[in-house]
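Student: So the protein lines, in turn, are chains A and B.
Residue 52 in my numbering sits at position 52 of the first sequence, and the numbers go up by one each step.
Residue 95 in my numbering sits at position 95 of the second sequence, and the numbers go up by one each step.
Derived from the structure by calculation, the hints contain no laboratory data.
We put the beta carbon where it would ideally sit given N, CA and C, even for glycine.
A couple of the hints might just be wrong.
To be verified - Label pairs and their in silico Cβ distance ranges: (1) A:Ala-383 with B:Gly-16: 40 to 46 Å; (2) B:Gly-16 with A:Val-132: 37 to 43 Å; (3) B:Gly-140 with A:Leu-166: 25 to 31 Å; (4) A:Ala-387 with B:Glu-59: 29 to 35 Å; (5) B:Thr-182 with A:Ala-432: 42 to 48 Å.
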Amino acid sequence: MSVELRLAWLLTKDSDRRERWRVLLTALGAGLATGFGLGAVAVAALRGHHNIALASGLLNDQGERSGIVFTLLLLLVPVLGFLGQCARVGAVHRDRRLAGLRLSGATPGQVRRIAGLEAGLACLAGSMAASVCFVPLLLHLWQAPPATVWVAGTLVVLAVPVLGTLVSLLALRRVVAEPLGWVRRVRPRGKRGLGLLFPLVAPAGVLVVGMLVAPRSFGGFYTSPALVLAVVIVTGLSAVRLSGVTSRRIGRHLAERTGDPAVLIAAERLRDDPWAAARTHAAVLLVTVVGTGFMGVRQVLLDTLRLRGPDTLAADISFYTTGIDLTGAALLLALAITLFGLAVGTAESLATRRRGLAAQAAAGVPIAVLARALLLETALPLAPAVALAGLGGMGISTWYALLADTEGTSVLPLVPLLVPVAVYAACILAAATSLPLLRRSVRPAELRYA
Amino acid sequence: MSTPLLTGRRLFKAHGSTPALRGASVELHPGEILAVTGASGSGKSTLLHCLAGIVRPDEGTVEYAGERLDEASEARLGELRRTEFGVVFQFGQLIPELTAVDNVALPLLLAGTPRQAARERAIAWLERFGVRGQEALRPGEMSGGQAQRVSLARALVTGPKVVFADEPTGALDSLSGEQVMTALTHTAREAATAVLLITHDAQVAAYADREVTLRDGVLAAEAAEVAR
Ligand SMILES: Nc1ncnc2c1ncn2[C@@H]1O[C@H](COP(=O)(O)OP(=O)(O)O)[C@@H](O)[C@H]1O
Ligand SMILES: [Mg+2]
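Full structure from sequences and hints, please.
Tutor: The structure is reproduced here in structure tokens:
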């Protein structure tokens, strides 16, 4: 392992510009994860009532604080997905270098571990940077934080690089570097234990943590965050499964019938690896469920608050709206991270194929056809999955509206319906950010190695 | 002799500050198999790219059947490469996710041929190249020699006037290389397709009707003339 660590360090140190870009992205993701983790630790360590001059006093009491901790932890999900994407990008950009390693005798496992450790080093840099920013802020707000905050904070700072390494290894588990310069994905055949395990284990972990920190005394069992979360996760997972299954179905169906070359290429890529699409879209679908649900709940909450009038409220109305707005902001942040990951993933998929794409263009395949195939790869499988995720979110918000049972509120709020549509459009746009890269990928210079 | 089908005159092309072509001229006649040999880095691939309308030369002219390729629009060049030309590289011209038959059918689909008809013609071509029964394989599941024969089928399926082959056997063992070269030259002669064959292998060049050698971006014969 120490040999691999040394090699990983050397490779990171001497990386070229494109590499640095990826290292920077990985560090950024790790920094975000560390920031969320440290924030959660600090907020969770608070006991009793405090007057904190942040967010209209939302951090003052235990109940709301649990919600904040929970939100911060949920934000880790898209961030980890993003780190996985970064690792994949790295694997591709380094194909020649990894091939060199293989030629000089490294085993495929070693190459993967080196790539994983490289990601770990980038994550360490990111988490260090985040803690350097976080500590002064913490000391500014909280003169003498207890020792537990420091200990737990240190653990977070150390855990993020470890987690980053593990996520990379997981993301790279099917990438095999061949000695002669091909990094190819090994198609899973038969058993796919680990692949299914991860999407199950990760949300389960979040769920357990959520149950531990979530307030129990808030509107009884039906509105308990744990239950809502369970619904969210089940819907999210179903959406991922649906996305994988429909990817394959759509792929097979279209591949056999279509006469349109762009559709044919997109469909065959989907059929070839339907789970790649599903994995990339997992975070999108989760955000869609939560986002649609949130928009519904938000509408009901605001209606209820307005109906009850300011006199009956325990706190100033801005206290409640700030909470709602913060949650909304967290969701937008999650969506932004997710879309960024999607864009990175699309760019990566282009970068892997650039020689092939250049050869296609040289053979006269119009760039428009290649571009359409690229967008269809995102658009085709995402449509049914986002629709289902939106339905799940609608279910949550309708359920909440029924429970809240206030006259004057529409039981079926319509604003939330816009969420899946907006997310879908945003995803296509995120994929479209790669189109300029496509133009560069098909330049004849890429043929040099073909 | 017949009028040349494709003519490159005094072609110059630099990649940044590296000159790749320094005034190379070449003629390809209808149905002719011309081998371009030369050391690695002598500008063979760059010459092929200029002649096939994949890149524009910095200086000089390329004329195909009376049409100036160095002045043609990108759209026209793409159309020519789709219809009148076929290309075969060392590897990479097959789409990894498409089956053999779909890879071969792709140029026909691009030309608007219905799927079923395109597949049938593709299968006929696969048969000619001895890869019948492998229609459903994807490039990753084929041997290098099979993949190259599928590539030949894809290059020839539209009935091109010129096939550009850049080291088509470069990644193959000598037996597969011979099979691919036999298939290429046999089919080209039958269909009277001209072939511009790039190779640094004398055995491969021996399949051609005529051979020219590039040295530092000019043909060896021209270099000799300049020296004189
Ligand atoms: N895209 C490129 N960028 C920079 N230099 C290039 C590029 N393509 C080719 N060259 C250089 O141009 C010269 C000729 O290359 P090429 O035509 O590929 O030769 P050959 O095919 O005979 O090996 C070489 O010195 C090569 O390094
Ligand atoms: Mg070459």
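Student: State, for the Cβ atoms of Thr-182 (chain B) and Ala-432 (chain A), whether the hinted interval 42 to 48 Å holds or is violated.
Tutor: Since Thr-182 (chain B) and Ala-432 (chain A) have Cβ atoms about 46 Å apart, the given range 42 to 48 Å holds.
Student: Should the hint that Gly-16 (chain B) and Val-132 (chain A) are 37 to 43 Å apart at their CB atoms be regarded as holding?
Tutor: holds, 41 Å
Student: Honestly, do Gly-140 (chain B) and Leu-166 (chain A) meet the 25 to 31 Å range at C-beta?
Tutor: Given about 29 Å between the Cβ atoms, the range holds.
Student: Just to be sure I understand the hint, the distance between the Cβ atoms of Ala-387 (chain A) and Glu-59 (chain B) should be within 29 to 35 Å; is that true here?
Tutor: violated, 57 Å
Student: Note whether the CB distance of Ala-383 (chain A) and Gly-16 (chain B) lies within 40 to 46 Å or breaks it.
Tutor: holds, 45 Å
Consistency with the previously given hints fails for number 4 only.
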